[in-house]
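Enquirer: Construct all of the structure, not just a fragment, from the sequences and the given hints.
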Amino acid sequence: MQSSMDVETVSSQTQNEPGPLPLKPLFEPLKAHEMSDGRVQFQKVNVPPHRYSPLKKVWMDIYTPIFEQMKIDIRMNLKARRVELKTRADTPDISNLQKCADFVHAFMLGFDVIDAIALLRLDELYVESFEIKDVKTLRGEHLSRAIGRLSGKGGKTKFAIENATKTRIVIADTKIHILGSFANIKIARDSLCSLILGSPAGKVYSKLRAVTARLAERF
Amino acid sequence: MATKSEASLNLDLLHRLKSTEPPVWLAPRAELSETARKASKIIFSYLRPYAPKSPLDQLLIEGFDAEQIWQQIDLQSQPLLSSLKREVKKFEKKPEEIGKIREVLEGEKKVVESVGKVLEGERRVLAVESDDFDEDLDDGLDDDDDDDDDDDEEEEEEEEVEGSEGEEEKKGKGGPEGGIEDEFLKINELQEYLEEDEAREYGLKKDSNDSRKKGGRRVLDNEEDEDEDEDEDEEDEDEEELGVFGDSDDNEEEDEHRQKLENAGYEDFFGKLEEDSGLDDEEDEDEAVETKKNDNLSTHEKQSEQLRAEIEKMEKANLDPKTWTMQGEVTAAQRPKNSALEVDLDFQHNVRPAPVITEEFTASLEEMIKKRIIEGQFDDVEKAASLPSKAPRELKELDENKSKKGLAEVYEEEYVQKTNPAAAPLTFSDEQKKEASMLFKKLCLKLDALSHFHFTPKPVIEDMSIQANVPALAMEEIAPVAVSDAAMLAPEEVFAGRGDVKEEAELTKAERKRRRASKKRKFKAEATKRMTAKKARDNTLLNDNDGDYLIFS
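First to last, the protein sequences are chains L and W. What the first sequence shows, in numbering that gives the first Met the number 0, is residues 0 to 218, in sequence order. What the second sequence shows, in numbering that gives the first Met the number 0, is residues 0 to 552, in sequence order.
Just so you know, the hints here were simulated from the structure itself, not pulled from any lab data. We put the beta carbon where it would ideally sit given N, CA and C, even for glycine. Incorrect hints may appear among the rest.
[Stated by the list, open to error] In silico DSSO-like pairs for lysine-lysine, Cα to Cα no more than 30 Å straight-line:
id: 1; chain 1: L; residue 1: Lys206; chain 2: W; residue 2: Lys417
id: 2; chain 1: W; residue 1: Lys533; chain 2: W; residue 2: Lys521
id: 3; chain 1: W; residue 1: Lys52; chain 2: L; residue 2: Lys165
id: 4; chain 1: W; residue 1: Lys401; chain 2: L; residue 2: Lys98
id: 5; chain 1: W; residue 1: Lys432; chain 2: L; residue 2: Lys206
id: 6; chain 1: W; residue 1: Lys403; chain 2: L; residue 2: Lys55
id: 7; chain 1: W; residue 1: Lys417; chain 2: L; residue 2: Lys155
id: 8; chain 1: W; residue 1: Lys445; chain 2: W; residue 2: Lys432
id: 9; chain 1: L; residue 1: Lys55; chain 2: L; residue 2: Lys43
id: 10; chain 1: W; residue 1: Lys52; chain 2: L; residue 2: Lys202
id: 11; chain 1: W; residue 1: Lys52; chain 2: W; residue 2: Lys88
id: 12; chain 1: L; residue 1: Lys55; chain 2: W; residue 2: Lys533
[As the list claims (entries may be wrong)] Partner residues are not named here, just some residues of chain W that face chain L (Cβ under 10 Å, in silico):
id: 13; residue: Glu195
id: 14; residue: Arg199
id: 15; residue: Glu200
id: 16; residue: Tyr201
id: 17; residue: Asp319
id: 18; residue: Trp323
id: 19; residue: Glu396
id: 20; residue: Asp398
id: 21; residue: Asn400
id: 22; residue: Lys401
id: 23; residue: Gly405
id: 24; residue: Val409
id: 25; residue: Val415
id: 26; residue: Asn419
id: 27; residue: Asp499
Expert: Here you go:
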């Protein structure tokens with residue numbers, strides 16, 4: 000506000016002289032602090048029980064990039080079993096907080112830290128989740144078989160899709176999470192849906208090949 | 000003319016002819032032909048008075064061939080024969096006449112007999128001269144069959160005629176001229192032959208006109224359509240002759256008849272100008288009328304008569320339905336049976352005639368087959384190599400293993416490849432290519448080593464590998480060469496260290512202690528290192544490491 004007032008005075012001064020145009024005002028970017036009027040912003044990520052011990056193992060790998068590079072305060076609330084994130088004074092960008100929250104959330108979903116780190120680095124990565132029952136109502140053995148089909152033997156079908164589409168997939172019982180860019184998520188989702196609906200892996204592979212080749216050709 | 004000496008000379012010649020064996024006649028001989036010719040000439044001149052209208056005074060034999068001599072004889076004999084027939088017919092009807100002019104007739108008959116015999120003989124001679132074998136055989140057959148004339152060629156009239164004539168001739172035998180006739184030469188045989196010959200040539204056409212005389216009528220449909228103008232002329236001649244014979248029988252007296260015989264006119268030789276048609280009754284009347292007129296016609300009128308006859312003939316041909324060959328499209332039902340075989344049909348064969356399979360053909364085929372098999376040259380259809388229209392797409396191999404790189408690194412690589420392709424690390428497919436090229440190079444090296452002339456030494460690839468302490472030559476050359484002492488490893492590579500190496504047993508107590516102390520020191524140093532590292536990890540305070548993480552904003 001002060002700066003804006005300064006600008007006004009300057010402009011009134013220059014208006015008297017009908018010569019050169021007034022200088023372009025220069026605004027510095029708002030800090031995260033200032034944006035919310037000096038208030039601190041929080042993010043809380045719940046930790047599911049099955050992710051508790053993995054979190055303990057890789058805590059440092061999570062903590063370091065968040066604290067060091069993103070300049071976000073992070074702590075684990077053991078009692079409430081959640082991770083809490085807070086902006087600092089020197090947090091450069093307000094979006095950092097959101098990114099960190101997404102990163103931690105991705106880890107909670109089941110992704111690896113090295114995969115989830117990509118969320119911190121790249122802007123346009125997203126996580127999409129859906130359930131098997133959204134695609135097709137399956138019960139009992141059919142459901143089990145569908146899950147088996149999705150993963151493949153030793154997970155090879157899942158890895159094939161991951162490698163082909165440059166995404167990361169987490170199959171948690173009936174829930175499926177996909178991490179990647181928008182287009183790649185779409186491709187991976189299509190493949191997974193066709194697998195759920197019953198097409199054999201070979202067919203999915205061939206489709207994948209065609210699609211990825213087309214994608215690669217674009218570059 | 001018929002003096003005794005000539006007659007005897009004549010007989011002599013004829014006897015000579017008769018006495019020659021039949022096989023002799025098979026080959027032409029000059030002396031035989033000369034004899035025959037002379038005989039014929041004599042007989043011809045002998046008969047000359049009885050054929051007053053004959054244009055020839057004597058038979059010309061010098062420089063003439065058989066055909067010409069025969070024609071001359073024919074000129075004389077034809078009217079004679081016809082007159083003879085007429086006479087016989089007359090006597091058939093009126094046997095009492097025979098007695099009246101018996102003597103005259105005898106003389107005539109004898110002449111006729113002799114003429115007939117001579118004719119037969121001459122015919123035979125001339126037939127031989129002109130190599131006409133069949134006629135000879137026929138004559139011979141006829142002659143041989145004396146009373147047994149049951150030939151198929153015989154016809155009804157012949158039997159009648161023969162019956163009537165045979166008696167007469169047998170009566171007439173025994174004269175001075177009768178010596179001609181013997182088992183070899185018979186008048187009745189001659190007569191039969193003549194009748195049969197005429198019947199064969201002129202067929203049944205003459206019979207249709209002489210239905211009254213013969214008592215039968217034959218239809219001539221088959222022969223009407225044929226283009227036998229000459230035959231018709233001859234028919235006409237025959238008709239006219241027989242008609243004259245018959246008419247004279249009915250309408251005229253003998254004297255008139257005999258006059259007619261002597262005054263044989265144009266129509267006797269060349270027949271009536273009027274054409275034969277189906278209207279028999281009308282024609283017969285016309286014939287009767289015309290025969291009276293023909294005597295008084297001039298040459299011009301005769302020519303015009305001839306023309307008219309021809310014109311009428313042609314008009315008749317035009318009015319009649321055409322022959323089947325001229326009718327355009329003709330089915331099998333419309334033409335007589337097997338008639339297409341006789342006609343020379345002309346049409347184009349559009350197909351090549353099928354090849355005749357002969358022994359040589361099959362042999363040549365088999366030879367070719369064998370040769371081809373030996374050569375191995377089969378005409379198999381070879382598939383045309385399809386040219387690649389464009390470079391084959393690189394099939395992206397789906398890696399089914401868990402990717403070792405994190406997602407971030409994957410995107411990082413992608414970004415780098417986009418912005419700076421040169422610095423991009425090798426992709427999976429590139430690595431595979433590299434591996435493949437390496438394998439191929441190794442293979443090539445091995446192959447080159449096997450062929451010493453073009454030996455290429457191993458390429459220097461700087462990579463860490465275990466070097467075995469083997470003589471160098473053994474490694475470099477495959478061929479067995481005298482083993483050298485040059486070892487692969489350098490001495491310092493074999494053993495690096497100071498020279499004083501001592502075994503456990505050799506060590507002194509002090510040295511042993513020293514060794515143990517140094518070991519302990521090393522161990523302790525390592526242990527502390529490990530402890531500090533563990534502590535650093537467990538500790539919350541982290542050391543300042545190098546920034547592994549790049550932040551992309």
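Enquirer: Output the indices of the hints that this structure fails to meet, ascending.
Expert: 3, 10, 13, 14, 15, 16, 17, 18, 25, 26, 27
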